[in-house]
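Protein chains: 2
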Amino acid sequence: MRRSKRLVLLSKFLSENPNRIFTLKYFGDKYDAAKSSISEDLNIIKDAFHEAGEGTLETIPGAAGGVRFRIKRPAQAIEKFVLELSSILSDRSRIIPGGYLYMTDVIFSPEYSSKIGEIFAQLFVDEEPTCVLTVETKGIPLALMTARALGVPLVVARRDSRVTEGPSVNISYISGSSRRIQNMALPTRALSEKARVLIVDDFMKGGGTARGMSELVREFRAEVVGVAVLVATAYPEEKLVKNYTSLLVLEKIDAERGEVRLKPVKIPIKKEGV
Amino acid sequence: MRRSKRLVLLSKFLSENPNRIFTLKYFGDKYDAAKSSISEDLNIIKDAFHEAGEGTLETIPGAAGGVRFRIKRPAQAIEKFVLELSSILSDRSRIIPGGYLYMTDVIFSPEYSSKIGEIFAQLFVDEEPTCVLTVETKGIPLALMTARALGVPLVVARRDSRVTEGPSVNISYISGSSRRIQNMALPTRALSEKARVLIVDDFMKGGGTARGMSELVREFRAEVVGVAVLVATAYPEEKLVKNYTSLLVLEKIDAERGEVRLKPVKIPIKKEGV
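One line per chain: the protein sequences are Y and G, in this order. The opening residue of the first sequence carries number 3 in the working numbering; numbering runs sequentially from there. The opening residue of the second sequence carries number 3 in the working numbering; numbering runs sequentially from there.
Since the hints were made in silico from the structure, they are not lab data. Predicted model, so just to flag it, every value in this text is computed and none were measured. Hints may be right or wrong, so weigh each one.
The list treats identical chains as interchangeable, and a pair is accepted whether it falls inside one copy or across any two copies.
When the alpha-carbon atoms are kept at most 16 Å apart in a straight line, the in silico EDC-like pairs for lysine to aspartate or glutamate are as follows [claimed, not checked]:
| id | residue 1 | residue 2 |
| --- | --- | --- |
| 1 | K7 | E53 |
| 2 | K74 | E221 |
| 3 | K48 | E81 |
| 4 | K37 | E81 |
| 5 | K48 | E138 |
| 6 | K32 | E53 |
| 7 | K254 | E239 |
| 8 | K117 | E239 |
| 9 | K27 | E86 |
| 10 | K27 | E195 |
| 11 | K117 | E18 |
| 12 | K265 | E81 |
| 13 | K7 | D107 |
| 14 | K48 | E113 |
| 15 | K196 | E221 |
| 16 | K7 | E42 |
| 17 | K48 | E129 |
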């Protein structure tokens with residue numbers, strides 16, 4: 003196979019399998035080429051991805067080593083995207099009577115959810131999550147795309163335990179905003195001990211749901227390595243979880259006056275970015 | 003920018019944006035190259051994608067024309083994947099007391115859900131769906147990945163109308179298997195008139211849920227262009243929807259004896275495939 007064709011197929015493969023390690027031998031067999039040729043291909047791809055701000059191609063030494071593509075966008079590109087999101091979501095037509103913000107089309111869009119998932123993955127990849135957890139329903143697309151970008155499985159807690167999923171761990175928790183008792187259930191086989199769990203959701207008000215998920219994780223003797231949400235409300239300032247990252251803060255929503263104010267959060271990415 | 007770098011970035015971009023049309027001018031501006039160079043790049047990519055069975059790069063003539071990457075895997079590759087799925091899901095440890103099959107880990111896995119979504123997209127792309135519809139919860143990952151592969155939005159019906167999503171259309175329907183009355187709701191702003199809707203779900207027994215979704219679509223004066231499910235049960239043979247496509251048929255599940263039998267469905271793809 004000629005170099006140009008290998009470059010095309012390798013680039014496609016790597017971009018579809020982020021954060022996973024592949025050996026040169028694997029690619030050599032796959033594309034019927036010498037390891038030295040693959041190595042040269044990967045150098046070209048590495049430079050192209052790096053220069054375009056797509057991410058890095060890392061070489062992992064050792065017996066379990068190989069190459070790994072990591073999505074790493076420059077801070078400016080992320081800021082620009084979050085600003086665009088902020089502007090889209092600030093449209094007055096999105097205000098729902100009762101003071102809610104209609105975000106469903108954005109978080110269910112494959113285009114936006116994959117970009118948001120890639121940002122969450124980039125922010126938490128160094129914590130080495132082994133799975134992503136959310137609770138049904140609206141967090142699922144963001145959580146799935148985050149899991150995809152991290153190359154790890156997605157686990158979804160349900161509001162009730164389901165007969166179709168076998169034995170489960172169930173917890174009750176107090177919703178931070180409505181102060182009502184809520185339930186959450188996860189099949190016992192869904193999460194393993196010592197899992198490193200990244201919690202993802204679309205929206206946080208009081209933080210009760212995220213805290214509920216944390217408690218659920220603890221019941222499995224697993225560990226929460228981060229909490230990522232798309233939008234957090236400015237009030238209450240004190241959330242029921244200590245550490246979380248949101249891309250946007252909802253500072254104000256007034257259905258009467260038709261006002262909504264969202265603020266992009268300063269994303270904690272080193273400025274050198276790439 | 004040198005050709006090799008353009009090939010890398012173009013391949014990544016196209017594979018991330020399937021089924022969408024881009025002009026040569028768009029790429030020329032993006033990669034700072036003459037249209038003639040871009041055209042040569044695209045020919046190389048087209049051949050590589052075609053030979054590797056990844057898909058086709060089509061040239062759309064006319065004012066709204068450009069190039070479009072379509073995922074088109076050869077029939078054998080799809081059959082092999084469905085066979086692998088069948089074998090994974092036939093594991094006895096997946097039998098849940100009550101005669102259910104535990105599939106959650108597979109349908110929530112980014113790797114499997116994206117491959118299944120790509121197959122659904124390939125099977126229905128010629129129907130030109132303008133959106134993908136599912137109902138919460140377990141169908142969401144497959145539906146999202148199908149929408150991604152088609153380059154169209156995802157719409158998710160809820161079991162109850164939500165105050166946070168504004169006015170909605172609500173329907174009641176009879177579940178085909180349990181014969182119970184169920185509810186389904188979709189915000190009025192979620193689906194437009196004349197939408198061409200591909201319905202996606204993980205599992206079909208009686209077909210009541212798919213029929214409910216079809217009725218919901220009709221309330222919006224939109225049109226159902228297809229119904230795709232991962233697994234359909236062999237019994238009841240008569241489903242409440244006439245036309246549907248499933249990748250697998252669940253012929254038997256017996257919790258007492260620890261038996262489960264799944265059969266891959268002959269996929270209706272022309273044998274020449276690519």
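Verification of the hints:
{"no.": "1", "hint": "K7 / E53", "in the structure": "between (21 Å within a copy, 9 Å between copies)"}
{"no.": "2", "hint": "K74 / E221", "in the structure": "neither (33 Å within a copy, 44 Å between copies)"}
{"no.": "3", "hint": "K48 / E81", "in the structure": "neither (24 Å within a copy, 34 Å between copies)"}
{"no.": "4", "hint": "K37 / E81", "in the structure": "neither (39 Å within a copy, 31 Å between copies)"}
{"no.": "5", "hint": "K48 / E138", "in the structure": "neither (38 Å within a copy, 40 Å between copies)"}
{"no.": "6", "hint": "K32 / E53", "in the structure": "between (27 Å within a copy, 13 Å between copies)"}
{"no.": "7", "hint": "K254 / E239", "in the structure": "within (13 Å within a copy, 54 Å between copies)"}
{"no.": "8", "hint": "K117 / E239", "in the structure": "neither (27 Å within a copy, 42 Å between copies)"}
{"no.": "9", "hint": "K27 / E86", "in the structure": "neither (42 Å within a copy, 24 Å between copies)"}
{"no.": "10", "hint": "K27 / E195", "in the structure": "neither (33 Å within a copy, 52 Å between copies)"}
{"no.": "11", "hint": "K117 / E18", "in the structure": "both (14 Å within a copy, 11 Å between copies)"}
{"no.": "12", "hint": "K265 / E81", "in the structure": "within (11 Å within a copy, 48 Å between copies)"}
{"no.": "13", "hint": "K7 / D107", "in the structure": "neither (37 Å within a copy, 35 Å between copies)"}
{"no.": "14", "hint": "K48 / E113", "in the structure": "neither (24 Å within a copy, 23 Å between copies)"}
{"no.": "15", "hint": "K196 / E221", "in the structure": "within (11 Å within a copy, 48 Å between copies)"}
{"no.": "16", "hint": "K7 / E42", "in the structure": "both (13 Å within a copy, 13 Å between copies)"}
{"no.": "17", "hint": "K48 / E129", "in the structure": "neither (23 Å within a copy, 39 Å between copies)"}
Violated hints, listed in ascending order, are 2, 3, 4, 5, 8, 9, 10, 13, 14 and 17; each of the other numbered hints is respected by the structure.
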